[in-house]
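Residue numbers (the working numbering), protein chains in the order written: chain A, 240 to 505; chain B, 49 to 240.
Hint data in this document are derived by calculation from the structure and do not stem from the laboratory. Check each hint, because a few of them may be wrong.
Facing chain A, from chain B, some residues (calculated, C-beta under 7 Å) [what the hints assert, rightly or not]: (1) S94; (2) Q111; (3) S126; (4) R130; (5) T226; (6) L233.
In this text the structure is predicted, and so the values were computed from the model without any measurement. Don't be surprised by glycine CBs; every beta carbon is placed ideally from N, CA and C.
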Amino acid sequence: MNIQEYISSGILESYALGEVTEAERASVEQALKKYPEIREELQKVEETLEIVASATAIQPAAHVKEKIMSTIKTAKPEAKIISLTGEQPFWKYATAASIAIALFSSYMAFQYRQLWKADSTELAQIKSENQRMAEDYNVVNQKLDKIQGDLSVMESIAFTKVVMKGTANDTNALASVYWNSSTQEVFLSIQQLKAISKDNQFQLWAIVNGKPVDAGVFDLNFAGLQKMKNINGAVAFAVTIEPRGGKENPTMETMQVIGSVATNPS
Amino acid sequence: MPIFDKGKNIARTKTIEESVLIERLCQRDAAALDYLYDHYSGALYSTVLRIVRKEEVAEECLQDVFIKIWDRITSYDSSKGRLFTWMLNIARNQAIDKTRSKEMSQGRKTDDIDNLVNRIDRQESAESSIETIGLKEMLTKLPEDQRFVIDHLYLKGFTQSELAEEFGIPLGTIKTRTRMAMKELRSILNVT
Numbered sequence: 240m241n242i243q244e245y246i247s248s249g250i251l252e253s254y255a256l257g258e259v260t261e262a263e264r265a266s267v268e269q270a271l272k273k274y275p276e277i278r279e280e281l282q283k284v285e286e287t288l289e290i291v292a293s294a295t296a297i298q299p300a301a302h303v304k305e306k307i308m309s310t311i312k313t314a315k316p317e318a319k320i321i322s323l324t325g326e327q328p329f330w331k332y333a334t335a336a337s338i339a340i341a342l343f344s345s346y347m348a349f350q351y352r353q354l355w356k357a358d359s360t361e362l363a364q365i366k367s368e369n370q371r372m373a374e375d376y377n378v379v380n381q382k383l384d385k386i387q388g389d390l391s392v393m394e395s396i397a398f399t400k401v402v403m404k405g406t407a408n409d410t411n412a413l414a415s416v417y418w419n420s421s422t423q424e425v426f427l428s429i430q431q432l433k434a435i436s437k438d439n440q441f442q443l444w445a446i447v448n449g450k451p452v453d454a455g456v457f458d459l460n461f462a463g464l465q466k467m468k469n470i471n472g473a474v475a476f477a478v479t480i481e482p483r484g485g486k487e488n489p490t491m492e493t494m495q496v497i498g499s500v501a502t503n504p505s
Numbered sequence: 049m050p051i052f053d054k055g056k057n058i059a060r061t062k063t064i065e066e067s068v069l070i071e072r073l074c075q076r077d078a079a080a081l082d083y084l085y086d087h088y089s090g091a092l093y094s095t096v097l098r099i100v101r102k103e104e105v106a107e108e109c110l111q112d113v114f115i116k117i118w119d120r121i122t123s124y125d126s127s128k129g130r131l132f133t134w135m136l137n138i139a140r141n142q143a144i145d146k147t148r149s150k151e152m153s154q155g156r157k158t159d160d161i162d163n164l165v166n167r168i169d170r171q172e173s174a175e176s177s178i179e180t181i182g183l184k185e186m187l188t189k190l191p192e193d194q195r196f197v198i199d200h201l202y203l204k205g206f207t208q209s210e211l212a213e214e215f216g217i218p219l220g221t222i223k224t225r226t227r228m229a230m231k232e233l234r235s236i237l238n239v240t
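The following block holds chain A by itself, in its conformation from the complex (with noise of 0.2 Å):
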């Protein structure tokens, strides 16, 4: 705590004129407790208070202080009687005194309660918002480098791109590859292709040396490029409906489309 800023902010002036909210009369006798400075700068301020005071003194007329004696001393006896006739009354006080308490420090517990759920509620709500918003935002940022990555390999000069085209099967279906000749890297890319049960799956096969080669099987699930086997040598990339985990061999009556790799590539 800077001391000389809290001095300097009239507090302690604030807190001898006796106005201080609870929390700041409670900052101030901590403050006593804890700095000798404050101690002696509260003196200094009370001694003004005082001074000031006195030095305006308007003396009262002189029944004042007779009404004053005489009402303490009928108070007197009565005051005396509650601490003398002792443990009963006291007991009986005290009882009330806790009871009182008890309900009032109940009250304030549920009142508190109550503030503290309304307030862990809304805290849930703002993490659970922020969690899902935390979600979204990797999501998107998924798809953003996926595409950024698709992107990548589209406009790479080291892919060839092999466009498939439809068979009398379905000669509408379209559907590209990308391939690295040198990386052996092979990305599929789907324009077209017809639905078809879930106990098939498509197959990709390249062509190398007259004989097909598996490529990976696939669904129509995904969107941009989807990466397949790495494959070296290929002349020419095709599509085919296989039993589900694909099969070793084609199935050729079954071939959706089919492209060569163009034999000078750019």
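Given the coordinates of chain A, work out where chain B should sit on it, guided by the hints.
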């Protein structure tokens, strides 16, 4: 009355150690209250009078103040401030409560012209007695903005927050001005 004689004896010894005084008040020693009254009634009465502005209301108020001091002395905690400050706050609060009480505002409404004139006379006499004591002169030595604050807090019975609200001054400004003014008063009064 023996109790008053006893009180006068104590008063003649001039000062009682504050802790002793408090202890005796806690023990319900009427002579201690007598001593307290002799020493502090003037300062407390003028404080109350400045706020309520009517002598008979101020007298009634002062009685309530001393009864409260008597009743609540056991709750006074010297680690939290001086006895005088504690009493001063009881007096200020009592007086401020009084000006806000229904009794007072009804009194104002039912005032007829004669009473009004009377009251103005009394007010003026109260004010002139304040003036003779030199607070006003003391205040003239303060810069304008500090005088304004002290005038309202001390003489007109405003609280800091009322002052802030009524004159549209930020409460923090009122507080620092109060502090500056009190520092200034301290040097005027040669309190180190």
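| request: Compare the structure with the hints numbered earlier in the document and write down the numbers of the violated ones, lowest to highest. | output: Hint 3 contradicted; others consistent.
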